[in-house]
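Trainee: Protein sequences appear in the order of chains A and B. Take 56 as the starting number for the first sequence in the working numbering and just add one per residue. Take 56 as the starting number for the second sequence in the working numbering and just add one per residue.
The hints are simulated quantities; they were obtained by calculation from the structure and are not laboratory data. Hints are supplied without guarantee of correctness; some may be wrong.
Because identical chains cannot be distinguished in the list, a pair is counted as satisfied if it fits within a single copy or across any two copies.
[Claimed, not checked] Derived lysine to aspartate or glutamate pairs resembling EDC-like cross-links, with alpha carbons at most 16 Å apart: (1) LYS229 <-> ASP254; (2) LYS185 <-> GLU97; (3) LYS256 <-> ASP230.
2 protein chains.
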Amino acid sequence: MNAAPSSRTRIRRIPELAVYEREVLHGILDAGYLCHLAFQDENGSHCIPMAYWRINDALYIHGSNGSRLMKHLSSGAEVSIAISHLDGLVLARSAFNHSMNYRSVVIYGKFVTVIEAEQKMAALDAFMDKLAPGRKNEVRSGSKQELGATIVLKITLDEAAAKVRSGGAEDDTKDMHIEVWAGVLPFQTLQAKPVPNEDCKVDAPLYVACWQGGKQGQS
Amino acid sequence: MNAAPSSRTRIRRIPELAVYEREVLHGILDAGYLCHLAFQDENGSHCIPMAYWRINDALYIHGSNGSRLMKHLSSGAEVSIAISHLDGLVLARSAFNHSMNYRSVVIYGKFVTVIEAEQKMAALDAFMDKLAPGRKNEVRSGSKQELGATIVLKITLDEAAAKVRSGGAEDDTKDMHIEVWAGVLPFQTLQAKPVPNEDCKVDAPLYVACWQGGKQGQS
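In isolation and in its complexed conformation, chain A is listed as follows (with noise of 0.2 Å):
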């Protein structure tokens, strides 16, 4: 399907980028950690950035029990949650067709605590998959102490939105004379050599070994 789940979702602004299947929102989530998390308390409207994580068709946070947010995003607030990566500056011929190559996600809706132990478990063994595959069993697991002390949170992508612009600079017919270079200037997140703990005494696993030269932010 590639219709808007609510009015909020449906996009207005250039709606020819809009897409709104599955796969494509999995991949834009899957190619992140970091996402950017909009609501409003007393004090007005906050932006904070969040790591995340997704299971299924729904994206999971973590964080303190002592945290004021968690606790105000755990008692049903609206939300909206972005996830976006940049690909690229579009250089056009003329200053206003200038653009960015990027793919983002946008949700909204309210999180649902994880409350049982065994799911909440399995969410956060789920995170550490995704950071290092196959770590979960080779550190110490968290306390009884330390998974009460931490919350999990969690929001289906009932409503949720992807907008990505891809390709090169679309210039007006009547520009096409300029000569100025025209195209992509491209980002890749790459991963960068991995830095041991001066205190670390222990070999390389396969996933630290592995990791530099990787890239990331692809879907």
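Dock chain B against the given chain A, drawing on the hints supplied.
Mentor: Same frame as chain A, but now just chain B:
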């Protein structure tokens, strides 16, 4: 100064990571192109990715005067804006102490519209200079009609705070004996090979020829 400019920019969660110095804020802003904008309207909270640039102690955005978003923002809506760079995954010896290295800024306030034509042109030129230094003299400048169709908005950094985490894993003393790799898996945003438009017959200017291999995201 390293004191929060307001109650809502005082960082309560891990306050030792808070930074309020101008140079740090400016560096984080200058290292990016996309901000996330939170605001409230009759449909709830929204989180929208937007291109931005900085001039002196203010952040600028631009958009179409036909856009509902730009109209709303120019009418004095309270906003919160976040700019975030993810620098690495921090792998600790316990699941609980895993973290991420990042640099982020959150700004609160209201946009004002840059109305005066010369100021508006100067602001847009500064944006072009950020994208591609010198290019403003090569492309077709905005026509009177194009400039009229463009809204430029400005918000000062009066109410802003940065939060920065860097360095290795911080483990509990009791976990130091666990034989698992600990350290940072870093990310690096690289400038990749330029992609000229198929219809581009012009040699690459210096800012295109030198693009590949350059590093973004460093403050």
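Trainee: Next step is simple, just say for each hint if it's right about the structure.
Mentor: Evaluation of the provided hints:
{"no.": "1", "hint": "LYS229 <-> ASP254", "result": "between (63 Å within a copy, 14 Å between copies)"}
{"no.": "2", "hint": "LYS185 <-> GLU97", "result": "neither (35 Å within a copy, 37 Å between copies)"}
{"no.": "3", "hint": "LYS256 <-> ASP230", "result": "between (61 Å within a copy, 14 Å between copies)"}
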